[in-house]
Each structure stands twice: as C-alpha cells, then as structure tokens.
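Here is what each chain is made of, one letter per residue.
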Amino acid sequence: MTTAPDAPEHQGFRLSQLIYDTRYRSMTIQIVVLFLVMGFVGWLVDNTIQNLNALGKDFNYSFLGQRAGYDIGNALIPYNNDMTHGRALLVGLLNTLWVSFLGCIAATVLGVIIGVLRLSKNWLVARMMTIYVEVFRNIPVLLWILVALALLTEVAPSPNQYKVNAATGEAKTSMLFESVAFTNRYTAIPSIHFDRSLGSLDTALAPISLNFLAIVLVLLASWFVTKAVNKNATKVQAATGVRPTTWWQNALIWLLPVAIVVTVLGINPEEPVLKGFNFTKGTNVSNAFVALWAGLSLYTAAFIAEIVRAGIMAVSKGQSEAAFALGLRPSRTMRLVILPQALRVIIPPLISQFLNLTKNSSLAIAVGYLDLRGTLGGITLNQTGRELEAITLMMLIYLVISLLISGGMNIFNNRVKLKER
Amino acid sequence: MKKSVFIGALTAATLAAGVAGAATLDDVKARGELICGVNTGLVGFAAPDANGNWSGFDVAICQAVAGAVLGDPSKVKYVPTSGQTRFTALGSGEVDLLARNTTWTFSRDTDLKLQFTATNYYDGQGFMVRKDSGVTSAKELDGASICIQTGTTTELNLADYFKANNMSYQPITVDSNAEGEQQFLAGACDAYTTDASGLAATRAAFANPSDYVILPEIISKEPLAPAVRQGDDQWTDIVRWTVYALIAAEEYGVTSANIDELAKSTDNPEIKRLLGVEGDLGAMVGLDKDWAVNAIKANGNYGEIFAATIGEQTPIGLARGLNAQWTQGGLMYAPPFR
Ligand SMILES: N[C@@H](CCC(=O)N[C@@H](CS)C(=O)NCC(=O)O)C(=O)O
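From first to last, the protein sequence lines are chains A and B. Residue 419 in the UniProt record's numbering sits at position 419 of the first sequence, with consecutive numbering throughout. Residue 305 in the UniProt record's numbering sits at position 305 of the second sequence, with consecutive numbering throughout.
Honestly, the hints are just simulated from the structure, not real lab data. Because the structure is a prediction, the values reported are computed rather than measured. Each residue gets a CB set at the ideal place from its N, CA and C atoms; glycine is no exception. Mixed in with the good hints there might be a few duds.
Claimed, not checked - Derived DEER-like restraints, expressed as beta-carbon distance ranges:
#, chain 1, residue 1, chain 2, residue 2, range
1, B, PRO48, A, LEU18, 57 to 65 Å
2, B, LYS289, A, THR48, 28 to 36 Å
3, B, GLY279, A, THR48, 42 to 50 Å
Using the sequences and the hints, build the whole thing.
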C-alpha cells in the first residue's frame, strides 16, 4: 500500500494547494485580504499627502495653541475669545459630554418607564406607549431636535416681555414663582449663592468652589455612614431574623449634616433679574441645550423602551410563578428575580443606545449649541482651514469617548450578569 | 516579503493617485460648464427663482466668467455653499470659482491657500435691530443676544468689537442666513450682524422691512471678492480680469446695449483692446478674442449688474457708495487693458 494517490503530502507542496487545499485556503485568503487592505490604506495616505502637497498645505496641530478669537455662548468652564483653540476644543468637548450624560440619564429613566408600561395590563396605557415608541423611533432625531427648538422659540415670550412697564407697574408676562422665566432664548432659573465663601481652588480646567467641595465631602461621609448602618442592620437580621428599622436614621444621616453645612455657609437662591436685553444674576439654561437634550432623550427613550420590554419578556413566566409560590411579594419578585435576569439581556443593547446618543449629540450644530463638532469641527476648522487635522482629531475623540462608555458599561455588565456555574 | 509587497502596493497607488489637475481652464472647457460656488440663498446676491434659475450680483460674476471662457453665460452649475463649507468646496476642487460674499483676508489668502481675484464689492459689517427695541447705536448693545453666522469673519469682528468697547454679548450661532433670519424674526436674538449688504438684502426679504433698522456703525472692512484656488495662475488671471473687464466697461461707457455698436465704431484704443477689435488680449490668458465681449454681454457692465441686482431701484436699495467708479469718488478701479 505504498501508492501515492491517498498521500499527497509525499508529493511535496504545490502552489495550487494554496487555493484548492482547505488546509491552506483560509490562510491564503487572509493574507490576500491583508495586503489589499494595506494597499488601500497606503493609497489613501499617499493620495492625501500628495493632495496636501498640491494644495501647499502641511499637517500640524500647532493651531490648537493659537488664539481662538471667537466667543462661545454656553461654556461650562471659563472661556473667552483670547483663549486658545485648544481651550475652545475643551469647552466643546465638555458640552458634548454634558448633554450626552444628561441625555443618557433621561433616556434611561423614560425608556424604563415606557418599556414597563408598555407591558401594562391596562389597554389604554399599553397602547399609548406603543404609539410613543413608534412615533419617536420612526422619525429622524434631527427633526425632533428642531421641533423642540421651534416649540421653545415660538411659544415662549421674548425676555423684554418681562419688562415692568414704568407707568402701570406691570409686565406683559410675569415670572413663575417670581423666580423662573421661560423665554424664547433660554429659561432663567435662580442660581445658588452662598453668603460665606470658603474660597476657591484654582485648577487648570476651572476654579472649583470650596463650598461646593465641602458639601460633596459631607454627602460622601453620609453615604459611608448609611452603608455601615445598613450593614449592621443586615447583621442583626441574620442573627435575630428581625431587621431593625433604619429609614429614619438613614434620612437623618443624609439630611442633617448637609443642612447644617449649607446653613452655616449661608445658602440662598440668587433670583434672575432682567437687566437690559437679558436676564442676569441667575442661570440661563439655553433653549438650544434643552432642545438638543429633549430631542436626544425622547428619541433614544423609544429604543430603550423596546430593549427593556424585550428584556423583561425574555425572563420566563415560570420564574415569577416560582417566586410567587415561595411567597415573595410582587415588588420583590421584580427586584430580586426578574430584574437581575432581565438586566443581563438589557445591558448590552443599552450600551449601543448610549453610544448612539453620544454620537447623535453632534447634531448640536443644527440648533447652535457649540459642542465638540461645533467648536473643533466647526468654527475652529473653518477659521484655521485645518480640515484634515480637525476632523481626524474629532474622530479620535469620539472614538475614545465611545470606547470609554462601552468599557465602563461592560464592567457594569460583568457585575450584574448571571453568574453561571 | 510582506514589506516589499507593501512597498510595491504603495508605489502602484502612488502612480494611480494622480494629483488634482492644476489647469482649471482646461477642466472647465472640457466639461463645457463652469461650477460656481454661491451662497445658499441671499436675494440680490445669489438666489434661485421659482424655476431654479439663479440670479444676483454674485451670480452675474459666475455668468460673466462662463461667458468669457465658454462663450455662453448660461453654462454654469451653481453649488450652494454655507459659510462653513465654502473653502473646503473650493479647496477640494468641487467648485472652480467661489463667488459668495467672501471677505478677502490675510489668512484666507495665505494660510487657506486661496487666491482672491478682484474686489467686486467693498463692504463692512453692520447690525440690524427691531425698530421698537429703541436701539439707535451699536454701542447700546451691551448684554444683547446677537445672531451670527458661523465660519465667517463676522464672528471674529464681533468678538473684537465688543471687547474693544468693553461690552458683553450672548452669541447665538446660526449655520446659514436663512436660519439667522428665522431666529432674528422669532426674537431669539436682539440683533443680527453680518455684512451690511447682506443685512440690506436680508431685510428686503422680510414681510415688513420698515420694522427693522440697520444701525449706523460699520465695524469692519469686508472687501468681498471672488476666490479661486492658489496655484493656478492662469485661472486666477482669467477670473480677475473678467471682473476688471466689467468694471472697465462701466468706466468707458460700454454697456450690454451698445457693445456691438461700439466694437464697430469706437476710436478709443483702450475700448478696442478690451473688446478684442485690436490686439489679442484674450490669447494671453488662453481665451478667445471676444472673451470680454461675451463677459459683458452676460449681464452688462459692473454698473448695470449693480443696478439690476442690489441697486437703489431694487428692494435692496444699496447706494453705490464705495463701490462707485474711481472717477465718481468710489474705489472701483480697473488697471489698464494693454
Ligand atoms: N463676508 C463674510 C460673511 C459672509 C457671509 O456669510 N455672508 C452671509 C450674509 S452677507 C451670506 O452670504 N449668507 C447666505 C448664506 O447663508 O448662504 C465672510 O466672508 O466671512
């Protein structure tokens, strides 16, 4: 039995084996694809370099250190037009993060409520939630943002309507509770003011008020103490079978120290006052921000609602029946049996919704809210003519934000996911 | 081995890539159409009518260049560009020429690698407010909300002006003139600021133009000029001298009505050279003898274009002012045609 036909390996390696032999074929394909991809990337880079040369442009980021020269309407950190493009980038980045953060929270809260209500036994409620989901997820988010802005600008009065007429002593429109004014530009709300200040800490980013820091520290301390109290309660429960009531202790621990600190610091609201064209003193929450935030949240909530509904429905009915049979109350069944299992299904798609919301926040330019796209990818790009630099940097930043969000959510996912044995 | 193949692929790519052609004139002729970047719609400067036909002061430049190069002013494709997209559109070769209320500045000329041809409108930045606001001077705008179009010189001038006068303001950033108009009319801003000519054109399109006033302060110099890419001198010359041909035509009294007549009868050597009756200036820039005739025939000379699109007889009602001929005390001055 030394005939060759069954033993091709004895014939040595033939080139055609690279294609016809299944042992090598996948390798061949991978290498070919690798070369094609490298060639394509090389072509792109080369083409870019040549075209930049033809235009007489170079590739450098020194513009980030130059004076920006433009103003930004809603900056979270101190900014003025004498600062650099780099600082403007930072202002835009923080605006992106801020609206995305608040958007994710609102979308999640809204989405969970709607998703749960959609499973309600009440026909009307369930139908209404279905309508919400279908209406919001089937119309582009840009339109929702624009609709929100149009509503805010067209419905609310302009600030000068709040002006008190000297002759009659009355204004055309008056403020809500004498402290909130809705206008077609922003909503003026009171800001927090302290009579006594502990001074402020100067960091490169922004000055941090020590009053604020003190309050945060006190809250943190309260948190640790309540944790200890709860742990103790659990211990007592394990030993005696009866859980001591802790709610009033916890409430006291949370409220009392903070109350003392803020009274000592002399907290009081600083009400907005109309001066000249606009309200000053208080905080003006711009309509552009609210419209963007509302549009993003309402739209994404529709998707999250579906995810939540799917997650809850994925938990088999037997689970809740078993929990009831053990005598668990419905609320506990939800909290201890259904939700932990549903979360396992909910969280991975939820991550993509958070990423979507964050990326969609770059539509801010449509309402004139200067986010990263508006500063670095908008005005800076345009005033310096550094298209390639600005766009690549912007892509990189969005990539990093997205990776951070999904990284963080994955850690959370690992903690809640069902530990299988 | 991997490396050598990669380098091979790179060289192949290098050969295939090719550099964007430098000779815009050849491209335009081969295409049989001029691609002109204009604004997204500013009545008087560049705006399409109900049938999609563009007209206006900037559009007339596009048509004159098409006339000079292709002999037919209608062979133009208009690409609307926003303040933000215009330079990218020009730099990437999407448009051959940018005629879009664009201010000639140092950094745009040098760093952005543009070539400004010849100023066709001397402008300056102004403010518009509602009449009932009672504001009569820009100095009274402290604390106001102001609408500005992003990607313009306007936003930089505004920042400088308010700082110089120790005043503060709330910028409301808009992406196009249409959006600015809407925000301003809705009262989302107290003042709208842009080039004074743009303000006049914007106001003319309002339902009640008389309810709005343009403040007397002009806070900047805005020489508006058609721009082309740097590095194509021939094309720059063509656009530049087409603009000058329109200006010179007004100076010498050459109009769309009398141009054929003059070409036959004139004794003025300058007009003869301009109209290609004598010498061959066209050949020097790669064009036909009658390039200037075709350019002027498109919409008439500079004065005719001004009067028909933005002049005092139109709703926009701009006076010639700085844009009068140098012989009339203005700044319009074409170098000699010889
Ligand atoms: N001249 C300034 C401003 C140019 C500008 O954007 N002008 C406005 C009004 S004059 C415009 O053309 N808007 C029309 C549009 O948005 O398309 C510049 O070059 O930066």
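We went through each hint and held it up to the structure:
The beta-carbon spacing between PRO48 (chain B) and LEU18 (chain A), approximately 59 Å, falls within the hinted interval of 57 to 65 Å. About 42 Å separates the C-beta atoms of LYS289 (chain B) and THR48 (chain A), a value inconsistent with the hinted range of 28 to 36 Å. At about 45 Å, the beta-carbon gap between GLY279 (chain B) and THR48 (chain A) stays in the expected band of 42 to 50 Å.
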